[in-house]
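Enquirer: Protein chains in written order, with the numbering used here: chain X, 119 to 339; chain Z, 93 to 174; chain V, 105 to 848.
If you're looking for bench data, these hints aren't it; they were derived computationally from the structure.
These figures come from a predicted structure and were not determined experimentally.
Even for Gly, the Cβ is constructed at its ideal location relative to N, Cα and C.
Honestly, I wouldn't trust all of these hints.
[Said to hold, decoys possible] Quick list of simulated restraints, FRET-style, between CB atoms:
{"id": "1", "chain 1": "V", "residue 1": "G660", "chain 2": "Z", "residue 2": "L140", "range": "51 to 59 Å"}
{"id": "2", "chain 1": "V", "residue 1": "D678", "chain 2": "Z", "residue 2": "G122", "range": "58 to 66 Å"}
{"id": "3", "chain 1": "Z", "residue 1": "G150", "chain 2": "X", "residue 2": "F182", "range": "17 to 25 Å"}
{"id": "4", "chain 1": "V", "residue 1": "E438", "chain 2": "Z", "residue 2": "K103", "range": "51 to 59 Å"}
{"id": "5", "chain 1": "X", "residue 1": "F182", "chain 2": "Z", "residue 2": "S129", "range": "27 to 35 Å"}
{"id": "6", "chain 1": "V", "residue 1": "T847", "chain 2": "X", "residue 2": "D267", "range": "24 to 32 Å"}
{"id": "7", "chain 1": "V", "residue 1": "D286", "chain 2": "Z", "residue 2": "P119", "range": "24 to 32 Å"}
{"id": "8", "chain 1": "Z", "residue 1": "A117", "chain 2": "X", "residue 2": "N277", "range": "35 to 43 Å"}
{"id": "9", "chain 1": "V", "residue 1": "S537", "chain 2": "Z", "residue 2": "P119", "range": "28 to 36 Å"}
{"id": "10", "chain 1": "V", "residue 1": "E438", "chain 2": "Z", "residue 2": "A117", "range": "54 to 62 Å"}
{"id": "11", "chain 1": "V", "residue 1": "T116", "chain 2": "Z", "residue 2": "I97", "range": "49 to 57 Å"}
{"id": "12", "chain 1": "X", "residue 1": "D267", "chain 2": "V", "residue 2": "D678", "range": "49 to 57 Å"}
{"id": "13", "chain 1": "V", "residue 1": "A661", "chain 2": "Z", "residue 2": "I114", "range": "34 to 42 Å"}
{"id": "14", "chain 1": "X", "residue 1": "N272", "chain 2": "V", "residue 2": "S537", "range": "35 to 43 Å"}
[Said to hold, decoys possible] Okay, derived cross-link-like pairs now, BS3-like style, lysine-lysine, Cα gap no bigger than 27 Å in a straight line:
{"id": "15", "chain 1": "Z", "residue 1": "K134", "chain 2": "Z", "residue 2": "K95"}
{"id": "16", "chain 1": "Z", "residue 1": "K95", "chain 2": "V", "residue 2": "K325"}
{"id": "17", "chain 1": "V", "residue 1": "K802", "chain 2": "V", "residue 2": "K725"}
{"id": "18", "chain 1": "V", "residue 1": "K325", "chain 2": "V", "residue 2": "K311"}
{"id": "19", "chain 1": "V", "residue 1": "K681", "chain 2": "V", "residue 2": "K725"}
{"id": "20", "chain 1": "Z", "residue 1": "K134", "chain 2": "V", "residue 2": "K325"}
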Amino acid sequence: MRVGVVTFPGTLDDHDAARAVRFAGGEAISLWHGDSDLQGVAGVILPGGFSYGDYLRCGAIARFSPIMSAIIRAAVKGLPVLGICNGFQVLCESHLLPGALTRNSELHFLCRDQEIEIVNNESDWTSDFSNGQRIIIPLKNGEGSFQCDDRTLNELESNNRVIARYVGINPNGSRNSIAGITNAKGNVVGVMPHPEHAIDSLTGPTADGLAFFTSLMKTRV
Amino acid sequence: MAKVIVDVVLKDEILDPQGDAISRALPRMGFTFSPISVRQGKSFIITLDHEPSRDELGEIEKAAATLLSNPVIESFSIRVEH
Amino acid sequence: MALDTVAKATSTPEIIQPWRELGLKEDEYQRIREILGRRPTSSELAMYSVMWSEHCSYKSSKVHLRQFGEKAPKSDALLVGIGENAGVVDVGQGYAVTFKVESHNHPSFIEPYQGAATGVGGIVRDILTMGARPIAILDPLRFGRADTPDTKRVLPGVIAGIGGYGNCIGVPTVGGEVIFDDSYSGNPLVNALCVGVMKHEDIKLAKASGAGNLVVLFGAKTGGDGIGGVSVLASETFDDKKPTKRPAVQVGDPFTEKVLIECSLEIFKEDLVVGIQDLGGAGLSCATSELASAGTGGMRVKLDRVPLRDANLSPEEILMSESQERMCAVVPPEKVERFMEICKKWDVVATVIGEVTSGKHLEITWHGELIVDVPPRTVAHDGPVYNRPFTRPAWQGELVGNGAENLPRPQSESAIADAILTLISSPNIADKSWITSQYDRYVQGNTIAAGPSDAAVIRIDENTFLGVAVATDCNGRFCKLDPYEGTQLALAESFRNVAVTGAKPLAITNCLNFGSPEDAGVMWQFAESVRALADGALEMGLPVTGGNVSFYNQTGAVAILPTPVIGVLGVIDDVRKAIPYKFSGVKELILLGETLEEFSGGEWAHLQGHLGGLPPRVDLKREMVLAQFMYAQRDFISAAHDLSDGGLAVALIEMLLHSQTGAKISTHGDPFTHLFSESTGRILLAVNPEDSNYLVGKATDAGITTTRLGQSGGENLEISGVLSMSMLHIREANQRTIPALFTA
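Make the full structure from the sequences, and use the hints.
Expert: Shown next as structure tokens:
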């Protein structure tokens with residue numbers, strides 16, 4: 119299965135996302151921000167990093183790139199899209215997902231092995247988890263606090279659109295300890311921690327993150 | 093010459109940890125006024141070589157609403173300086 | 105002010121020039137006049153003043169640093185030695201690894217965030233310019249006492265700067281150290297080490313050859329950053345009576361650097377450059393003169409072609425500017441178009457500013473007028489060489505005669521337990537997660553081990569699992585007691601840190617941080633230190649591939665502890681076999697090496713307010729035997745941790761805290777000595793009980809002393825006949841200190 123991995127200027131974790139796709143049995147296709155051709159991929163990953171240096175706001179400039187126009191059109195039609203960290207920020211800025219990511223409540227960049235609970239395993243990217251499964255994957259960001267108004271929060275919670283929550287102390291002040299959300303159709307998922315850095319225990323805290331990528335293989339085979 | 097200034101600030105209901113940190117730092121530095129709160133925002137200073145027309149101000153407002161601010165969490169105001 | 109051209113300089117020899125204000129000595133100024141046969145133009149004067157400053161020319165250290173070449177051990181692994189931007193070693197399978205450590209001390213005192221950030225940016229560019237992808241950063245840091253207002257000002261800014269820059273460029277920060285000592289207050293040390301990897305055929309050198317090849321400046325635009333920064337800051341001490349110098353600190357933009365890295369690597373991949381240099385200290389003055397000097401001919405540069413952020417800069421200022429994120433490449437004309445295409449793809453500003461000539465001079469013009477015409481070697485490589493006098497300080501004898509072995513020692517259970525708690529909660533030893541969690545250790549997905557591991561372990565090849573291990577170390581107190589022994593102790597420790605992962609040490613880099621070279625006592629410390637490192641490198645068969653000297657780290661007459669930070673790089677054939685620093689399950693704990701009564705300069709003595717005596721004995725041959733043992737027996741070792749500050753008590757507690765377990769051990773001989781001595785050449789092992797006899801046998805065969813301490817397990821640290829402490833209590837004491845000090 120061909121999975122696109124987007125590179126914006128300043129994207130950092132594209133190689134790691136591509137590696138995760140390969141580990142999961144897929145073929146990683148590199149997508150350049152300036153192109154608008156999705157090259158027939160069956161899913162797209164917006165990786166972590168500091169696209170455009172986080173200038174203006176995280177993801178605010180990347181969201182206007184040609185590749186994002188193509189991704190937005192395709193996502194509306196059902197193309198699976200996974201936004202990780204900076205990718206999640208781009209998805210929110212693009213309005214493919216509601217809410218916004220703001221500065222960590224403790225103000226520092228925080229890199230830690232974070233336990234999260236998968237609370238929705240029906241999305242395209244979480245189907246390979248069991249509901250309520252707890253996993254440990256790296257969290258590493260300075261702007262990871264998920265914020266939205268009360269109406270949006272109600273909508274997310276009552277429609278089961280939160281896909282993951284932080285376990286234990288809330289590391290960044292996210293509302294309701296939200297670590298990841300999905301859109302109504304379940305094809306667009308944003309997650310703050312980094313599953314691509316937990317695909318084997320040699321280089322990561324666990325191999326728990328791989329299931330995000332195998333989920334796609336399962337869903338869209 | 094005219095300057096159009098777009099001030100962007102986080103909406104009241106959004107947590108502003110930077111503003112909070114500043115609020116806590118003020119008394120530590122010996123200042124005696126005690127603010128109820130401090131909010132941190134940003135200013136965009138757009139310099140034009142002429143007075144902006146009504147239409148142009150409308151365009152700037154659109155830019156403010158789509159690029160310079162994120163309406164989900166921020167609000168903005170515009171003023172013109174000469 | 106009218107332009108000062110070569111023509112004008114030739115016709116007005118009598119004009120008084122501000123050579124003193126620019127940091128030159130009178131004889132140096134006269135020498136410039138001799139070299140040129142006339143007075144220098146103001147641009148030439150600016151160039152010479154910056155390039156002949158201590159930081160750029162190494163004038164006080166050159167005569168000593170020669171020993172690294174003279175005493176260089178024969179090494180098949182060395183591909184590029186001292187003299188280039190960074191050293192390069194062969195690690196096998198066609199891969200070459202480059203690494204170097206540098207300092208950015210003075211700027212970090214003035215503006216901690218930007219000082220540290222640009223320090224990282226600079227060393228990363230040095231590695232990039234060798235043709236390598238930067239793969240790891242380590243940061244050896246030293247600050248004044250932890251509880252002072254100034255440290256609270258400087259430390260958080262430095263950490264945020266390193267994280268802010270390193271995280272954004274996508275290079276994992278995986279190691280380093282944080283040390284507090286009164287002697288660094290006013291003179292924090294911010295050293296940064298970077299490691300890069302490439303294939304052998306990708307190695308790039310910094311020379312301009314081939315007449316007609318073009319000189320291309322690419323990266324950020326040039327502004328007024330850090331003008332005079334190098335010569336003004338690094339060649340002067342901070343005098344607390346004079347008003348503070350107006351900051352000339354550079355401001356970094358990591359996004360531009362990240363884009364520059366990707367752009368450069370694509371350019372290298374297509375083999376578009378024949379020489380490349382990064383712009384660091386002394387900016388364009390340095391890049392052009394070094395490229396020309398190392399090359400085969402001359403160079404002509406049109407300075408007005410340099411893209412500017414500030415249109416008001418004068419030619420002298422452009423030449424001295426230290427704007428960050430800029431590189432200078434030498435490109436054959438037929439490859440320039442493709443070079444520019446790649447720059448355009450990444451939105452990197454690139455401008456042809458000159459060409460290589462068949463002459464022998466570096467000529468720089470400003471709108472057609474010649475303002476610089478110099479033999480580049482005289483600027484870049486033939487700077488002044490000082491033979492500064494050095495003498496052992498008068499107080500050294502008294503210092504050395506007053507050993508910590510004479511201090512009253514804790515005897516009772518509660519006194520020893522208290523001493524342990526004081527030690528593991530002291531700022532130097534306490535848990536540093538508050539700091540390391542501000543760094544991204546995961547980016548690039550190749551980190552096998554990062555701090556608190558003794559050495560960082562990074563995978564290089566995903567298929568063969570080839571990797572490298574890197575560590576930095578220095579105990580400044582040991583170096584003050586005896587600069588020669590202390591430096592070899594630093595080498596031994598760094599070497600051992602690499603060896604405990606099962607890696608094979610290959611090469612050395614160094615960052616020599618000292619006080620003023622104009623002080624004969626400091627110069628003696630430096631001379632001894634360099635001699636020790638050169639001797640040690642020869643004895644261990646590890647070449648010194650390059651490094652950095654930072655002088656003038658002192659406030660008034662008080663110099664910092666002599667702090668020669670030694671970095672060691674090793675290779676691991678299979679990172680899956682790297683020995684971890686923590687274990688799970690029940691293990692037997694075995695101590696390798698001999699424990700003698702050696703407390704002078706150690707952490708316990710430091711906490712008694714004592715510094716005196718002789719540092720622990722160092723035995724480099726014994727360290728090499730230990731390293732061999734660790735590699736040969738790595739399959740039988742569950743975890744390993746080397747002993748250093750705080751001796752066995754600290755090493756044991758650290759391993760147990762990381763492994764989330766207690767232990768039941770017994771000491772041998774005097775408990776206090778066994779727990780707190782800082783004898784060297786010792787490693788703590790955690791071993792499966794069924795393998796311990798075998799391992800002890802092998803160690804004995806190798807001539808290594810072993811002590812079977814006991815077993816892991818339970819929730820307490822029990823030292824039979826001495827004390828029992830709850831691991832929870834120990835953890836709390838160890839983890840509370842740093843956040844309490846530095847959380848705003």
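Enquirer: Indicate, hint by hint, whether the structure satisfies it.
Expert: Right, here's what the structure says about each hint:
no. : hint                          : in the structure
1   : V:G660 <-> Z:L140: 51 to 59 Å : holds, 54 Å
2   : V:D678 <-> Z:G122: 58 to 66 Å : holds, 59 Å
3   : Z:G150 <-> X:F182: 17 to 25 Å : holds, 20 Å
4   : V:E438 <-> Z:K103: 51 to 59 Å : holds, 57 Å
5   : X:F182 <-> Z:S129: 27 to 35 Å : holds, 33 Å
6   : V:T847 <-> X:D267: 24 to 32 Å : holds, 30 Å
7   : V:D286 <-> Z:P119: 24 to 32 Å : holds, 30 Å
8   : Z:A117 <-> X:N277: 35 to 43 Å : holds, 41 Å
9   : V:S537 <-> Z:P119: 28 to 36 Å : holds, 29 Å
10  : V:E438 <-> Z:A117: 54 to 62 Å : holds, 59 Å
11  : V:T116 <-> Z:I97: 49 to 57 Å  : holds, 51 Å
12  : X:D267 <-> V:D678: 49 to 57 Å : holds, 53 Å
13  : V:A661 <-> Z:I114: 34 to 42 Å : holds, 40 Å
14  : X:N272 <-> V:S537: 35 to 43 Å : holds, 37 Å
15  : Z:K134 <-> Z:K95              : holds, 15 Å
16  : Z:K95 <-> V:K325              : holds, 26 Å
17  : V:K802 <-> V:K725             : holds, 18 Å
18  : V:K325 <-> V:K311             : holds, 23 Å
19  : V:K681 <-> V:K725             : holds, 25 Å
20  : Z:K134 <-> V:K325             : holds, 25 Å
No hint from the list above goes unmet by this structure.
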